[in-house]
Every structure is written in structure tokens, then in C-alpha cells.
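Protein chains in written order, with my numbering: chain A, 1 to 114; chain B, 1 to 114.
For the record, the hints were derived by calculation from the structure and aren't laboratory data. Please note that the accuracy of each hint is not assured.
Label-pair distances were calculated between CB atoms; the ranges are [unchecked claim]:
id, chain 1, residue 1, chain 2, residue 2, range
1, A, Arg73, B, Thr20, 36 to 42 Å
2, B, Pro40, A, Glu52, 19 to 25 Å
3, A, Lys13, B, Ser3, 29 to 35 Å
All values reported here derive from a predicted model rather than from experimental measurement. Ideal Cβ positions, reconstructed from N, Cα and C, are used throughout, including at glycine.
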Amino acid sequence: KAGVTQTPRYLIKTRGQQVTLSCSPISGHRSVSWYQQTPGQGLQFLFEYFSETQRNKGNFPGRFSGRQFSNSRSEMNVSTLELGDSALYLCASSLEVSYNSPLHFGNGTRLTVT
Amino acid sequence: GDSVTQMEGPVTLSEEAFLTINCTYTATGYPSLFWYVQYPGEGLQLLLKATKADDKGSNKGFEATYRKETTSFHLEKGSVQVSDSAVYFCARLNSGGSNYKLTFGKGTLLTVNP
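The task is simple: from the sequences and hints, build the whole structure.
Spelled out as C-alpha cells, the structure:
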């Protein structure tokens, strides 16, 4: 069974631009979560989608948004990029976000904002 | 709020040494607890989990016991190998409600020397 696939693997953008990251979950998984990983803040929760509905959102500004399609694939978008948005963005999928259904992570998209 | 505190390291050990990485969590609700591992250039992989008090999670020689009285979930391994070198994250997941997210500790970098 294929794992969680994130594209692209690396991105370099300029301040003020916008970016879209893509995530394909494991087949059959309906929950997709996004996390931002930085050396200073560690792993921070961005949002979680289940059956195309956002069920929870972390403490990030409105420049960070996401969506989930009917095939469970998900995208996240960051508009008006800032230098501080440079991070590894991790997507994770699961059958359900519960104690009995752990998250399976992709290898991430490394975003560098210059 | 919900939080996880783990020793930040880095931790450097010789092969076959005993490993302990401390993790404590805030005692709100009845969380499930996890250890994830991240190898260089990769996403996170689930190492082990425990869903209720006194449960012991184990995998690949690693163990952790859910201690409600001390709100701890320390990771241990009796004899580490060079291949165990990675970053280890402790995490909690609230059960019930609509809080569909993992809260992670800051991570502990483990380096095992031959």
C-alpha cells in the first residue's frame, strides 16, 4: 500500500508570493492533517480535514488555508509569504483521528522563503 | 492547555547503552499517548502507543508505560544501536470531543556512536 505522498518535496519562494502544497493520503484514509515543523517552534498543528470538512484549526493566521477534495487528497495554501513561513510542512493521514487510528506522515515539503 | 514536555537533548550514547527519554503531559482529559520517530530527511513514523493508564507500548525494543500518577510516558530501550539515531517525539491525543489533533513535544535528538 502506497504511503502518504507530498508534492513538491522542495520549494523556494520569495516573500509576498503564495504557494500551494499537495498531499495524497493513504488509500482509504479520510482524515488528513497538516503540521508545520520548525527548529524553534517544533511541530505545530495547522488543520485537519475529514470528508472535505475542516474539523479543527490551529493558531495560524488566515494566510494559511487548506481544503480537501472528494477523493481525500488535500492542499494547503499560504498567501503573502513571510520569511518566518520557512519550514517543513508535514501531511498526515488516518482512517480517523482517534486513539486507535494513528497518523501516517508523508516525508514533507521543505519550503524556503527568501 | 494541553501540552507535552520532553527532555530536549541532544542525547549521545554509545552502542548497547541504555536509553531513557523523559516525557510528561498535562493531565487534562484522558489522552492517548504516542512516541514518534523521525529519521533524517523523512516524515514521522509511529514507534509505539498507549491508550490508557498502565498500558505499556512496545516496538523494536523500545518501551513506554502510561503512568497516570506521574503523568509520564518515558521512552526506554535496553540496548541502543547506531540505527536508532533519530529525533524522537512524544505526543498526546485527546479522546472524544472535536479536538482532532496531536500535541507534540519539542523532540529529542538521539545520536548513537559505534
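Problem set entry | Hint numbers contradicted by this structure | 2
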